[in-house]
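2 protein chains.
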Amino acid sequence: MERITVTLGERSYPITIAAGLFNDPASFLPLKGGDHVMVVTNETLAPLYLHSIHTVLERAGVIVDQVILPDGEQYKSLAVLDQVFTALLKKPHGRDTTLIALGGGVIGDMTGFAAASYQRGVRFIQVPTTLLSQVDSSVGGKTAVNHPLGKNMIGAFYQPASVVIDLDCLKTLPPRELSSGLAEVIKYGIILDGAFFTWLEDHLDELLALDPDALSYCLRRCCELKAAVVAADEFENGQRALLNLGHTYGHAIETHMGYGNWLHGEAVSAGIMMAAHTARRLGQLGMDDIRRVQVLLARAGLPVTGPKEMAPADYLPHMMRDKKVVSGQLRLVLPRSIGQAEVRTGVANDIVLASIADCQA
Amino acid sequence: MERITVTLGERSYPITIAAGLFNDPASFLPLKGGDHVMVVTNETLAPLYLHSIHTVLERAGVIVDQVILPDGEQYKSLAVLDQVFTALLKKPHGRDTTLIALGGGVIGDMTGFAAASYQRGVRFIQVPTTLLSQVDSSVGGKTAVNHPLGKNMIGAFYQPASVVIDLDCLKTLPPRELSSGLAEVIKYGIILDGAFFTWLEDHLDELLALDPDALSYCLRRCCELKAAVVAADEFENGQRALLNLGHTYGHAIETHMGYGNWLHGEAVSAGIMMAAHTARRLGQLGMDDIRRVQVLLARAGLPVTGPKEMAPADYLPHMMRDKKVVSGQLRLVLPRSIGQAEVRTGVANDIVLASIADCQA
Numbered sequence: 019m020e021r022i023t024v025t026l027g028e029r030s031y032p033i034t035i036a037a038g039l040f041n042d043p044a045s046f047l048p049l050k051g052g053d054h055v056m057v058v059t060n061e062t063l064a065p066l067y068l069h070s071i072h073t074v075l076e077r078a079g080v081i082v083d084q085v086i087l088p089d090g091e092q093y094k095s096l097a098v099l100d101q102v103f104t105a106l107l108k109k110p111h112g113r114d115t116t117l118i119a120l121g122g123g124v125i126g127d128m129t130g131f132a133a134a135s136y137q138r139g140v141r142f143i144q145v146p147t148t149l150l151s152q153v154d155s156s157v158g159g160k161t162a163v164n165h166p167l168g169k170n171m172i173g174a175f176y177q178p179a180s181v182v183i184d185l186d187c188l189k190t191l192p193p194r195e196l197s198s199g200l201a202e203v204i205k206y207g208i209i210l211d212g213a214f215f216t217w218l219e220d221h222l223d224e225l226l227a228l229d230p231d232a233l234s235y236c237l238r239r240c241c242e243l244k245a246a247v248v249a250a251d252e253f254e255n256g257q258r259a260l261l262n263l264g265h266t267y268g269h270a271i272e273t274h275m276g277y278g279n280w281l282h283g284e285a286v287s288a289g290i291m292m293a294a295h296t297a298r299r300l301g302q303l304g305m306d307d308i309r310r311v312q313v314l315l316a317r318a319g320l321p322v323t324g325p326k327e328m329a330p331a332d333y334l335p336h337m338m339r340d341k342k343v344v345s346g347q348l349r350l351v352l353p354r355s356i357g358q359a360e361v362r363t364g365v366a367n368d369i370v371l372a373s374i375a376d377c378q379a
Numbered sequence: 019m020e021r022i023t024v025t026l027g028e029r030s031y032p033i034t035i036a037a038g039l040f041n042d043p044a045s046f047l048p049l050k051g052g053d054h055v056m057v058v059t060n061e062t063l064a065p066l067y068l069h070s071i072h073t074v075l076e077r078a079g080v081i082v083d084q085v086i087l088p089d090g091e092q093y094k095s096l097a098v099l100d101q102v103f104t105a106l107l108k109k110p111h112g113r114d115t116t117l118i119a120l121g122g123g124v125i126g127d128m129t130g131f132a133a134a135s136y137q138r139g140v141r142f143i144q145v146p147t148t149l150l151s152q153v154d155s156s157v158g159g160k161t162a163v164n165h166p167l168g169k170n171m172i173g174a175f176y177q178p179a180s181v182v183i184d185l186d187c188l189k190t191l192p193p194r195e196l197s198s199g200l201a202e203v204i205k206y207g208i209i210l211d212g213a214f215f216t217w218l219e220d221h222l223d224e225l226l227a228l229d230p231d232a233l234s235y236c237l238r239r240c241c242e243l244k245a246a247v248v249a250a251d252e253f254e255n256g257q258r259a260l261l262n263l264g265h266t267y268g269h270a271i272e273t274h275m276g277y278g279n280w281l282h283g284e285a286v287s288a289g290i291m292m293a294a295h296t297a298r299r300l301g302q303l304g305m306d307d308i309r310r311v312q313v314l315l316a317r318a319g320l321p322v323t324g325p326k327e328m329a330p331a332d333y334l335p336h337m338m339r340d341k342k343v344v345s346g347q348l349r350l351v352l353p354r355s356i357g358q359a360e361v362r363t364g365v366a367n368d369i370v371l372a373s374i375a376d377c378q379a
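In order, the protein sequence lines correspond to chains F and W.
Okay, so the first sequence: first residue is 19 according to our numbering, each after it adds one.
Okay, so the second sequence: first residue is 19 according to our numbering, each after it adds one.
Source of the hints: derived by calculation from the structure; they are not laboratory data.
For clarity, every value in this text was computed on a predicted model and none was experimentally measured.
Treat the hints loosely; a few may be bogus.
Identical copies look the same in the list; a pair holds intra-copy or inter-copy alike.
What the hints assert, rightly or not - Quick list of in silico lysine to aspartate or glutamate cross-link-like pairs, EDC-like style, CA-CA up to 20 Å: (1) Lys108 <-> Asp53; (2) Lys342 <-> Asp114; (3) Lys108 <-> Asp332; (4) Lys109 <-> Asp211; (5) Lys342 <-> Asp211; (6) Lys189 <-> Asp307; (7) Lys342 <-> Asp53; (8) Lys326 <-> Glu360; (9) Lys50 <-> Asp211; (10) Lys50 <-> Asp306; (11) Lys109 <-> Asp376; (12) Lys342 <-> Asp307; (13) Lys109 <-> Asp332; (14) Lys342 <-> Glu76; (15) Lys342 <-> Glu254; (16) Lys50 <-> Asp229; (17) Lys50 <-> Asp114; (18) Lys109 <-> Asp306; (19) Lys342 <-> Glu28; (20) Lys189 <-> Asp42; (21) Lys109 <-> Asp53.
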């Protein structure tokens, strides 16, 4: 079992990584007998995991309710969030309740925002079931829902009480979702850790085959990297923005194509290529590095070009709504090499457009 | 001009109280030339104040947009909140924008929650235009929208950057709204300051006549009392709950009767009487004090009995969804004398029901 701490003073919390965690009530600390919980999950995951979690918690004396939402990014909305509030109020759950987010990034982000907002804030536990949410969205306290005009535009910085990562969940994950998660894994290598990028080049096939040792190392390393960034910059005033490599371009794809049509990791993968070409056009990244990134993303089963339905000019209006925009200026995360990235402002629009065109199918 | 500081470390902020503030750009500090603002207001207030605020800010070099919402407690909902997000995203406004809440408690609570949630948090300024919002909801960072199953159930603790109280606004306030605000004013006297309660008995007629000196003193005293409570207990883990005197009963009235039919202060006034009778039935408040409270509320034009449409049993399900409920137990704010109150748990339901019956029309 791996345990990593996200160090944030009195809001510090543990990330626990192992197989079989769902069968042990101790996994769900700080819950104790008598506590009231609401498990928030979706229609796909409920038949797979809800019964065992329900049973293990009830056996520990926890009072368990549940709300089952439709599955998909298109349901990460204020309207579906309201279903969670309605379920909580019908029982009713008090300010001393705990929400458990059992699912991928959509469930985690939405449940986290529900916890941040319900009665102005209740406790919640992240139980991420996809690779993408395990390595990225479940750690760090960014919660949100989408708006038709932009992704993750409505939300809060709100930290969980703990993160419980059961490796067994990945056995039921569709291959396309596994690839989507690998986009965020590869991203960590590019922005923060060149040695980890090399390790990924050497071990990608094992990850795709769900080798437990490779997975366990990969998850630990990603969570360590994320925890360190979050501890240093919880509210994204500085280096936390680096975690958004590929996301400014990728969010434009997700919003333009309609939520759920391109998976988040797929859009980020194409976006990483666009950011890499922007960096190349600014003279700060060589073609060798671009080729290594492109090969690794492609081996992971990810797109390295944008959707053919989108022209470069379609990206800009969405990109201008990015949360990193300050005084109407884009702020782009660009790699400097494999293992290092920076935030750049003042990149000319024609360079951005040309870099997107470099990645046209 | 009165200036009071809410002391909350790096989130401290000023409350400025005077007549004519809307004509001076310096009132809206920390705004400066080049800043982007979104004024959120309603259909009633827009024709009264929007033009002058717009003009004064534009003259100071601020870029001003506006969104005008329907007027009324029934519109303090997630759906109407979404209109604010849409307006912000259409321009688009970035994370460096500032929202200005120009209105009463509904606009202030909703705009504050919009600011807390838009792009995970942007700056906002409270410009309360009703007595109720000036003495209570604009100070202290409680933001929220209502849910059909409970009032203020979805929100955040999120502090404004400043509070701007222009006394001139009260000249256009309907008398029923003025009375509604006086319920919260009288509440401060009961829970925290017996001398202020006596001052109110002596000066209520001047307040009803909008005497500037009386109003100015009254607003300052209420804001001082609120600022001290908030500074000591921002997140309502302790004494801040005292500010909810009458609210557990009152929220039940507002929710049951439909938002907007009973004004907030009207429901709180009846709720204060119910709390007073609960305290009397527990042997901790005398009939003399109850009569003083009843007379002052009635002189202020407020109801001292609940709606005739509600039986005592209608209150309890709503009261059990109160945010102060812990482990399924009601926590009631009860006066001990005029000038002192406490939070009580474990009050038997039949005493609560009998106290509500004491206040039946």
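Verification of the hints:
1. Taking identical chains as interchangeable, the C-alpha atoms of lysine 108 and aspartate 53 lie at most 20 Å apart only when both belong to the same chain, with a minimum of 17 Å there against 43 Å between chains.
2. Taking the shortest alpha-carbon separations for lysine 342 and aspartate 114, only the inter-copy value of 9 Å comes in at or below 20 Å, while the best intra-copy value is 35 Å.
3. Proximity of lysine 108 to aspartate 332 under the C-alpha cut-off of 20 Å is restricted to the inter-copy arrangement: shortest distance 16 Å between copies versus 43 Å within a copy.
4. Taking the shortest alpha-carbon separations for lysine 109 and aspartate 211, neither the intra-copy value of 47 Å nor the inter-copy value of 38 Å comes in at or below 20 Å.
5. In this assembly of identical chains, the alpha carbons of lysine 342 and aspartate 211 never lie at most 20 Å apart, being 23 Å within a copy and 47 Å across copies at closest.
6. In this assembly of identical chains, the alpha carbons of lysine 189 and aspartate 307 never lie at most 20 Å apart, being 32 Å within a copy and 68 Å across copies at closest.
7. With identical chains, the CA atoms of lysine 342 and aspartate 53 are at most 20 Å apart between copies only, with a shortest distance of 16 Å across copies and 39 Å within one.
8. Taking the shortest alpha-carbon separations for lysine 326 and glutamate 360, neither the intra-copy value of 29 Å nor the inter-copy value of 65 Å comes in at or below 20 Å.
9. Proximity of lysine 50 and aspartate 211 under a CA criterion of 20 Å is satisfied in neither setting, with 38 Å inside one chain copy and 41 Å between copies.
10. In the homo-oligomer, the alpha carbons of lysine 50 and aspartate 306 never lie at most 20 Å apart, since the shortest distance is 53 Å inside one protomer and 47 Å across protomers.
11. In the homo-oligomer, the alpha carbons of lysine 109 and aspartate 376 never lie at most 20 Å apart, since the shortest distance is 54 Å inside one protomer and 29 Å across protomers.
12. In the homo-oligomer, the alpha carbons of lysine 342 and aspartate 307 never lie at most 20 Å apart, since the shortest distance is 26 Å inside one protomer and 57 Å across protomers.
13. In the homo-oligomer, the alpha carbons of lysine 109 and aspartate 332 lie at most 20 Å apart only across protomers (17 Å), although the nearest pairing inside one protomer, at 46 Å, exceeds that limit.
14. Proximity of lysine 342 to glutamate 76 under the C-alpha cut-off of 20 Å is found in neither arrangement, the shortest distances being 43 Å within a copy and 25 Å between copies.
15. When the C-alpha separation of lysine 342 and glutamate 254 is checked against a cutoff of 20 Å, the pair qualifies only within one copy, where the shortest distance is 9 Å, while the shortest distance between copies is 33 Å.
16. Taking the shortest alpha-carbon separations for lysine 50 and aspartate 229, neither the intra-copy value of 33 Å nor the inter-copy value of 57 Å comes in at or below 20 Å.
17. Taking identical chains as interchangeable, the C-alpha atoms of lysine 50 and aspartate 114 lie at most 20 Å apart only when both belong to the same chain, with a minimum of 12 Å there against 42 Å between chains.
18. For the identical chains of this complex, lysine 109 and aspartate 306 are neighbours neither inside a copy (59 Å) nor across copies (40 Å), given an alpha-carbon limit of 20 Å.
19. For the homomeric pair lysine 342 and glutamate 28, neither the shortest alpha-carbon distance inside one copy (28 Å) nor that between copies (23 Å) is at most 20 Å.
20. Within a single copy, lysine 189 and aspartate 42 get their C-alpha atoms as close as 19 Å, which meets the 20 Å cut-off; across copies the closest is 64 Å, which misses it.
21. Taking the closest pair of Cα atoms, lysine 109 and aspartate 53 come within 20 Å of each other only inside a single copy of the chain (14 Å); across copies the shortest separation is 45 Å, beyond that limit.
The structure does not agree with the numbered hints 4, 5, 6, 8, 9, 10, 11, 12, 14, 16, 18, 19 stated previously, though it agrees with the rest.
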